[in-house]
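So the protein lines, in turn, are chains A and B. When we follow the working numbering, the leftmost residue of the first sequence carries the number 1, and every step to the right adds one. When we follow the working numbering, the leftmost residue of the second sequence carries the number 1, and every step to the right adds one.
These aren't lab readings, by the way, just hints derived from the structure by calculation. Possibly wrong hints are sitting among the right ones.
To be verified - Taking lysine-lysine and the DSS-like style, the derived pairs with C-alpha atoms no more than 30 Å apart in a straight line are: (1) A:62 <-> B:26; (2) A:135 <-> B:335; (3) A:62 <-> B:250; (4) B:27 <-> A:82; (5) B:104 <-> A:104; (6) A:37 <-> A:27; (7) B:335 <-> A:104; (8) A:250 <-> B:82; (9) A:135 <-> B:324; (10) A:302 <-> B:324; (11) A:84 <-> B:104.
Protein chains: 2
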Amino acid sequence: MAAEKKVEQITARDVDFAQWYTDVVKKAELVDYSSVKGCVILRPYAQALWENIRDILDGMFKATGHENVAMPLFIPESLLQKEKDHVAGFAPEVAWVTHGGTEKLTERLCVRPTSETLFCEHYAHIIQSWRDLPKLYNQWCSVVRWEKTTRPFLRSREFWWQEGHTIHATAEEAEAETRRMLETYADFAENDLALGLIKGRKTDSEKFAGAEHTYTIECMMHDGKALQSGTSHYFGDGFARAFGIQFTDKSNALRYPFQTSWGMSTRIIGGLIMTHGDDSGLVIPPRVAPIQAVVIPIAAHKPGVLDAARALAGTLRAAGLRVKLDESDQSPGWKFAEYEMKGIPLRIELGPRDIEQGQCVLARRDTGEKRPAPLAGLPEAAKALLEEIQASLLRAARANLAARTGTASTLDEMKALAPEGGFIKTMWCGDAACEEKVREVTGMKSRCVPFAPEHVGDTCVCCGKKTDTTLYWGFQY
Amino acid sequence: MAAEKKVEQITARDVDFAQWYTDVVKKAELVDYSSVKGCVILRPYAQALWENIRDILDGMFKATGHENVAMPLFIPESLLQKEKDHVAGFAPEVAWVTHGGTEKLTERLCVRPTSETLFCEHYAHIIQSWRDLPKLYNQWCSVVRWEKTTRPFLRSREFWWQEGHTIHATAEEAEAETRRMLETYADFAENDLALGLIKGRKTDSEKFAGAEHTYTIECMMHDGKALQSGTSHYFGDGFARAFGIQFTDKSNALRYPFQTSWGMSTRIIGGLIMTHGDDSGLVIPPRVAPIQAVVIPIAAHKPGVLDAARALAGTLRAAGLRVKLDESDQSPGWKFAEYEMKGIPLRIELGPRDIEQGQCVLARRDTGEKRPAPLAGLPEAAKALLEEIQASLLRAARANLAARTGTASTLDEMKALAPEGGFIKTMWCGDAACEEKVREVTGMKSRCVPFAPEHVGDTCVCCGKKTDTTLYWGFQY
Chain A
1 MAAEKKVEQI TARDVDFAQW YTDVVKKAEL VDYSSVKGCV ILRPYAQALW ENIRDILDGM
61 FKATGHENVA MPLFIPESLL QKEKDHVAGF APEVAWVTHG GTEKLTERLC VRPTSETLFC
121 EHYAHIIQSW RDLPKLYNQW CSVVRWEKTT RPFLRSREFW WQEGHTIHAT AEEAEAETRR
181 MLETYADFAE NDLALGLIKG RKTDSEKFAG AEHTYTIECM MHDGKALQSG TSHYFGDGFA
241 RAFGIQFTDK SNALRYPFQT SWGMSTRIIG GLIMTHGDDS GLVIPPRVAP IQAVVIPIAA
301 HKPGVLDAAR ALAGTLRAAG LRVKLDESDQ SPGWKFAEYE MKGIPLRIEL GPRDIEQGQC
361 VLARRDTGEK RPAPLAGLPE AAKALLEEIQ ASLLRAARAN LAARTGTAST LDEMKALAPE
421 GGFIKTMWCG DAACEEKVRE VTGMKSRCVP FAPEHVGDTC VCCGKKTDTT LYWGFQY
Chain B
1 MAAEKKVEQI TARDVDFAQW YTDVVKKAEL VDYSSVKGCV ILRPYAQALW ENIRDILDGM
61 FKATGHENVA MPLFIPESLL QKEKDHVAGF APEVAWVTHG GTEKLTERLC VRPTSETLFC
121 EHYAHIIQSW RDLPKLYNQW CSVVRWEKTT RPFLRSREFW WQEGHTIHAT AEEAEAETRR
181 MLETYADFAE NDLALGLIKG RKTDSEKFAG AEHTYTIECM MHDGKALQSG TSHYFGDGFA
241 RAFGIQFTDK SNALRYPFQT SWGMSTRIIG GLIMTHGDDS GLVIPPRVAP IQAVVIPIAA
301 HKPGVLDAAR ALAGTLRAAG LRVKLDESDQ SPGWKFAEYE MKGIPLRIEL GPRDIEQGQC
361 VLARRDTGEK RPAPLAGLPE AAKALLEEIQ ASLLRAARAN LAARTGTAST LDEMKALAPE
421 GGFIKTMWCG DAACEEKVRE VTGMKSRCVP FAPEHVGDTC VCCGKKTDTT LYWGFQY
């Protein structure tokens with residue numbers, strides 16, 4: 001029995017976190033690199049994970065009345081230029097198509113970096129009256145941003161995401177939508193991905209190009225850096241004015257509608273890896289895991305073992321669990337390491353002695369804990385254990401978030417704390433000059449003003465002016 | 001009660017089929033045009049239809065062991081050029097990216113027109129041993145081909161599709177896969193989309209660029225033209241040799257693997273429209289319909305009507321049907337026309353008198369037939385009727401296919417028949433020169449050599465040489 005493919009060692013997290021990350025995404029067979037820098041291939045395991053994420057989020061969107069559409073890949077240069085803040089933010093980092101077949105195009109087309117302009121053009125076609133509002137649209141697609149430094153999932157030239165784009169008769173309705181979708185992201189990130197996060201509003205320096213304001217969820221990673229993981233933008237009627245979108249209200253007056261957009265991307269997979277992974281590889285929360293449990297026959301050559309393992313896998317699948325049975329001729333040890341690397345939440349071992357005793361062995365990926373469990377009633381026991389693993393991962397992520405959140409009252413205090421990473425909470429006067437000075441001194445960027453006010457002092461950490469605004473800071477991915 | 005949005009008349013099919021088609025895709029709110037020629041927007045109704053198609057096909061792929069991946073959008077020019085027949089077929093019609101941000105790229109990238117070259121590059125990375133085979137991969141994405149003449153769904157510069165790409169240890173296994181996926185397409189097109197079709201092998205002149213052979217399903221439209229609706233290609237080891245993909249077999253010898261690819265696209269929505277639509281608009285087969293039944297309250301202002309309609313819609317949804325309830329203040333007449341235009345298979349009317357009598361009225365979109373039905377047991381009755389509509393649409397499509405298939409023994413016979421359109425079945429010697437001459441004389445192109453031999457003579461329709469090969473001809477979309 002030749003173990004042709006060896007499970008190789010990965011770099012330990014504490015030795016080199018960046019190398020650990022790169023090792024995990026390759027060894028867990030999540031991605032492969034293509035010959036275009038910054039464009040990766042999502043291998044079946046990553047794609048299955050992304051499809052689980054998509055299906056849960058899509059269900060949440062549809063439950064709140066959203067509909068999916070598909071917009072074109074290309075934006076003419078003149079269309080991108082219609083909203084001036086937006087084009088200033090995106091034009092420097094788009095890919096340009098200049099030729100179709102053998103002919104030079106009369107106008108350059110960019111490959112969409114985001115689709116506000118396309119949605120606006122479409123809205124101008126289809127919205128005439130108050131009857132046509134609201135439109136609550138979303139699309140699942142890939143977008144392209146010509147980044148200089150790239151890392152799989154975290155920052156790539158092409159990435160997959162969903163982008164919601166909605167348009168409303170009133171500012172209040174649009175604002176409520178902006179906030180509702182941010183809460184949807186927070187709900188999903190906490191309850192399905194078990195991430196530790198804070199929610200809040202971006203400062204003006206950090207908001208989306210063209211937005212009046214941007215809400216964000218910021219997740220705390222194992223290494224103390226923050227990952228912006230989902231954002232929701234309120235546009236007011238700025239885009240509507242730039243694109244000439246108007247509707248007649250019930251009193252027959254012509255008015256401009258109000259818009260939002262919001263997005264979550266494959267970046268969140270990077271967040272999942274850096275929150276839960278350990279020195280044996282990935283750890284995937286059960287609710288989104290492509291494989292929730294792997295069944296491994298022990299002494300599979302002995303009579304009855306394979307049959308029993310197949311029956312067990314069948315029973316678990318029939319109960320609605322996502323189960324893999326590994327019948328290959330690799331050794332159990334090889335298989336243990338392989339599925340640890342892939343972060344499968346639950347391993348179920350079944351050998352001749354177990355079968356005699358009417359039991360199997362359950363091994364948790366997160367804690368490593370192993371215990372025997374009776375075969376009778378196993379589907380219920382496995383489900384309960386998966387729920388416990390899910391809850392336990394969230395507890396651990398929240399504990400990391402709490403342990404890595406500090407406060408500072410002065411720039412000196414903050415400078416002393418900053419090298420440890422994590423979030424630092426301070427008061428802030430609201431001035432962009434103070435925000436910039438803190439960044440220069442500490443290297444940390446503002447993450448968000450939390451929704452729930454958190455009183456940690458009375459004066460701005462930088463200039464000392466009186467204020468009641470709290471701001472979170474952190475090093476960012 | 002103002003019917004602000006009128007259901008406008010569409011051109012009759014017999015007056016101008018092309019205009020009828022354009023009217024339907026706009027008035028049924030399937031697509032909107034973007035400012036880039038040949039790039040359309042899939043509006044919510046078309047996207048929901050495409051997602052139903054995707055989910056059914058994806059289930060069929062996964063049931064046969066296929067896994068989804070996501071490949072990059074861009075192909076470097078040098079990579080596209082590695083297989084010479086393939087690049088010759090596609091290079092003239094690709095969109096070229098020449099700049100990233102403000103910098104000129106050192107090598108042009110094309111926006112994928114199809115992804116064989118990307119899959120090959122990836123396979124070269126991940127395949128070393130017989131243990132790594134087969135790989136049965138698929139992806140859902142959009143691709144770009146810079147067409148000169150464009151029509152929504154039928155021929156566009158960007159379109160959405162799935163592309164399966166598989167790689168096998170033996171030629172036999174790859175050939176079996178090629179044929180299996182073609183049969184999957186035929187099964188889906190007949191049983192879910194209710195299309196009338198023939199299955200067969202493309203001639204060498206019509207096969208895919210780089211393939212050894214191509215299988216196809218060809219659907220017969222209402223106007224007598226043929227629509228190539230799904231293709232499956234066998235590549236032999238040509239791509240493997242061009243891309244240096246090799247594996248060590250069980251005896252430790254280095255060998256080239258064998259490949260296939262297969263695709264079905266949003267084009268199939270055009271086929272659905274042109275098969276089932278009528279002068280009142282779309283007709284969508286129940287199995288893929290985004291809305292299977294629409295409930296329309298009659299005299300909705302009368303007490304109890306809206307409540308009863310809501311209860312009815314709820315009961316049907318609970319039984320697993322996709323149901324819309326239209327509570328808007330538009331008139332019933334406006335609603336009837338609107339949902340006829342959208343091709344919703346079943347309309348359920350419910351008024352005060354119906355409620356008194358414990359019944360509703362069921363109206364079939366396909367035949368226009370209306371009949372009362374008791375509210376008790378309605379979910380079962382509606383399901384049975386939807387199945388009958390599905391079967392009836394397939395019978396009608398097959399009848400159209402049969403009525404529009406003729407045979408010819410000589411070029412003169414064929415020339416006389418051709419103006420009526422449809423398929424013409426002839427014998428053919430296998431010579432590309434004869435194929436080309438028939439096209440010149442009749443305007444018809446070869447569609448396929450049917451899998452099941454159909455003896456319609458002994459000699460080639462063009463040169464008169466003895467042959468036992470049958471060939472289908474037709475005008476094509």
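Against the structure, the hints:
1. A:62 <-> B:26: holds, 24 Å
2. A:135 <-> B:335: At roughly 20 Å apart (the allowed maximum being 30 Å), residue 335 (chain B) and residue 135 (chain A) satisfy the hint.
3. A:62 <-> B:250: violated, 50 Å
4. B:27 <-> A:82: Holds: residue 27 (chain B) and residue 82 (chain A) sit about 29 Å apart, inside 30 Å.
5. B:104 <-> A:104: This hinted pair holds, its Cα atoms lying about 15 Å apart.
6. A:37 <-> A:27: The hint holds at about 20 Å.
7. B:335 <-> A:104: With a Cα-Cα distance of about 47 Å, the restraint between residue 335 (chain B) and residue 104 (chain A) is violated, given a limit of 30 Å.
8. A:250 <-> B:82: Not satisfied, since the Cα-Cα distance of roughly 62 Å exceeds 30 Å.
9. A:135 <-> B:324: holds, 17 Å
10. A:302 <-> B:324: violated, 57 Å
11. A:84 <-> B:104: holds, 24 Å
Of the numbered hints given earlier, the model fails hints 3, 7, 8 and 10; all others are met.
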